[in-house]
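Student: These are the residues of each chain, in order.
Number of protein chains: 2
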Amino acid sequence: MINIAILGFGTVGSGVYEILKKSPDAIAKKAGDVLNIKYILDIRDFDDHPERELFTKDYNDILNDESVKIVVEVMGGLNPAYDFTKSALLAGKTVVTSNKELVATHGTELIEIAKEKSVNYFFEASVGGGIPIIRPLNQCLAANEIQEINGILNGTTNYILTKMFSEGSTFEDALSEAQALGYAERNPSADVDGHDACRKTAILSSLATGKFVDYNNIPTEGIRNISTTDVLFADKIGYVIKLIGAANIDANGKVSALVAPRLVSKENQLSDVNSVFNAILLKGDSLGDVMFYGRGAGKLPTASAVVADVIDGAKHLNVNKWVIWSAADSDIMANPEDATYKYFVRTQDKSLKDALSGKEIGSLGDEVVFTTEEMKEKDFLLVAKDKCSFIRILA
Amino acid sequence: MINIAILGFGTVGSGVYEILKKSPDAIAKKAGDVLNIKYILDIRDFDDHPERELFTKDYNDILNDESVKIVVEVMGGLNPAYDFTKSALLAGKTVVTSNKELVATHGTELIEIAKEKSVNYFFEASVGGGIPIIRPLNQCLAANEIQEINGILNGTTNYILTKMFSEGSTFEDALSEAQALGYAERNPSADVDGHDACRKTAILSSLATGKFVDYNNIPTEGIRNISTTDVLFADKIGYVIKLIGAANIDANGKVSALVAPRLVSKENQLSDVNSVFNAILLKGDSLGDVMFYGRGAGKLPTASAVVADVIDGAKHLNVNKWVIWSAADSDIMANPEDATYKYFVRTQDKSLKDALSGKEIGSLGDEVVFTTEEMKEKDFLLVAKDKCSFIRILA
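Protein chains in written order, with our numbering: chain Y, 1 to 395; chain E, 1 to 395.
With the rest of the complex left out, here is chain Y (with noise of 0.2 Å):
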């Protein structure tokens, strides 16, 4: 039997309760032993709970109990997440985590001490929710160079523009309706302004290089000024408009990272990605593009991809199984103004068109909307800051 506690009992970890109560059997044969929660771990009291004694609200009976071999962290945000993780991997145990802010913020570190302590930090709901993509980055595409990821990678802001797209919806009443159904929180920053997508983006760009890639380091805009016309434009020459987690890693190891919303041509397979569904499409060196789609959040697909990595704990008790990333050891960002871009341009500054060799597609009042052919990013600021509104092309 291997006894495990829950830190957080709320969306994610009862999600996690769900699944191990479900079908103890079926995960016992494939974890190799029974796995039993022996502490659940919350501020909140949970007095009508059928198992209420699991719960507790010291940290220090779960840390102090030798038994317990698998910390399942789901609580989110750094704070305490970030010293009840390190504690426990310290104190010999494997933690398992749905924890974005905390494995692109200190995943380093915690990769590190799993390392030294022979034990595990795996984090695969961290993307992508109950899609499986740190596995497969790790060890299915290990004979790959990974050249190229673009991902969908935030369901509330990939809801919202589908809205747009297929009502002709504004910004704000897809917004709206977003947060009435629950997939948008009253606060929605973390998503429209392309943090959460971000920190994916730092996990998966990490994953690529091997090595720590700090999501300060990569440029990021949201959706909040994607407009209906946009999406008029966009649509009329055969694109869409997602917000897309972007890393392209050149044959030195330097990466080019961006987040903001980009024109998706209908011919990609990303384009067919709509509402909530997530996807992750890479391209290897040998493999050429392999795309992984599915529910990027959600209780239990989150806490399908929390309970594989407990049974993957649970099969690799006293062995490190992987080094995720290390430390840079030098700058692996490239310049982001020397990466380039096809531009979609709007604006009342006729001149800018012809300054860009751009491609009129059309005219709304007085403006003229253009694409441009691609060129460095610090070339088309240099003419065209402060001149329009644009969105970068994704091919």
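Just so you know, the hints here were simulated from the structure itself, not pulled from any lab data.
Among the clues, some could well be false.
What the hints assert, rightly or not - Under 10 Å between C-beta atoms, here's a sample of chain E residues computed to sit facing chain Y: (1) Lys22; (2) Ala31; (3) Asp33; (4) Val34; (5) Ile131; (6) Pro136; (7) Gln269; (8) Ser271; (9) Asp272; (10) Phe292; (11) Gly298; (12) Lys299; (13) Val310; (14) Ile311.
Just so it is clear, CB atoms sit at the ideal spot from N, CA and C, and this is done for glycine as well.
Given the coordinates of chain Y, work out where chain E should sit on it, guided by the hints.
Tutor: Frame of chain Y, contents of chain E only:
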């Protein structure tokens, strides 16, 4: 250093060689040791090859060399691949393969031998080419009961059907073109009659249930009878036609499997999988839908999946990593005639539409075209057998 032998220096075998030689340091880092190709077995002469000294025609050179720890079987076919694989496993060597025919036929025995000998029999490349699917099914989805699998598993037929849709080609013309491009064999039966997809469906079904599903028990229909008329009417009602390898697993673990052309709704993610691309859409009880997409064949995609298995084999040299499936202790196949489908029907027998309560889509010449509500296959066949041409519908 870990010595490797490659059996068969055809498309995949030479791709494996190429990948292993391209970035040996990166691969050694991932595998935890240097991987050294010590032998290549092929009946042909490769006197011009820069490493011609590696080639042998005598398998005993490999079998009797205790320093060879991993054997890469990429010969294809049952013989002599079966004898070579079995003897290698019995001699305590891990075997990695892309040979779906062998896995689907003798997988249960070979998996069992690998377990007894504490080595591994890995076959990620046998389904979906370079798409990671075996590991996700085994590991990442460990916390899910897989309820449904629907896959586009054969690139040749998908290329032909895509041509028929996008260009209105006939089956014969699209096949000729596929042959001219090297996507189809001169004798295309294994692809167009569904046998290749059937073996892959059997492997996926076995993985999902943990029990051996014999491909001989999977009803299999090819795409030879799909006409441009079918394509036109399918398109008219919002469907495409795809060759789908399907398995539904009920709550008692009974498998209802079918390989056949299906009408696939344009709302379904699988409908956008075109040309030689493959995709596998899974439904897990906790996870919901998840899809894996990529190149299902080709030298480097397939070879990169083989090399990923070699790397994993190197990391688990004397540890059996998993028993992917075992022999079924009872008949796990549901009666195919108990499966329920909606049907797309073309017939000259006008009375059939009323007999099946069909909904008319249109008519062409003296044929009426209609769809039915969901009904049991046996009820459908009782009324409609030999009186119409029909295609089952996938929602």
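Student: Does each hint fit the structure? Answer for all of them.
Tutor: Each hint, compared with the structure:
The beta carbon of Lys22(E) is positioned within 10 Å of a beta carbon in chain Y (closest approach about 8 Å), and the interface hint is therefore held. The restraint placing Ala31(E) at the interface with chain Y holds, with a minimum CB-CB distance near 8 Å, inside the 10 Å limit. Residue-level restraint check for Asp33(E) is violated (minimum Cβ-Cβ distance to chain Y is 13 Å; threshold 10 Å). Look at Val34(E): its Cβ only gets to about 15 Å from chain Y, farther than 10 Å, so that hint breaks.
For Ile131(E), the shortest C-beta to C-beta distance to chain Y is roughly 6 Å, which falls under 10 Å, so the interface hint holds. Restraint check, Pro136(E) versus chain Y: the minimum CB separation of about 4 Å is within 10 Å; hint holds. The beta carbon of Gln269(E) is positioned within 10 Å of a beta carbon in chain Y (closest approach about 6 Å), and the interface hint is therefore held. Nearest Cβ of chain Y to the Cβ of Ser271(E): about 9 Å, under the 10 Å cut. The hint holds.
Interface restraint check for Asp272(E): the shortest CB-CB distance to chain Y comes to about 5 Å, inside 10 Å, so the restraint holds. Annotation: interface hint on Phe292(E) holds; nearest CB of chain Y at approximately 6 Å, less than 10 Å. Satisfaction of the interface hint for Gly298(E) is found here, the shortest Cβ-Cβ separation to chain Y being roughly 8 Å, below the 10 Å cut-off. The beta carbon of Lys299(E) comes within 9 Å of a beta carbon in chain Y, closer than 10 Å, and the hint placing it at the interface holds.
With 10 Å as the threshold, the beta carbon of Val310(E) comes within range of chain Y, its nearest partner Cβ sitting at about 8 Å, so the hint holds. Because the closest C-beta pair between Ile311(E) and chain Y is about 5 Å apart, less than 10 Å, the hint holds.
Checked against the numbered hints listed earlier, the structure breaks hints 3 and 4; every other hint is satisfied.
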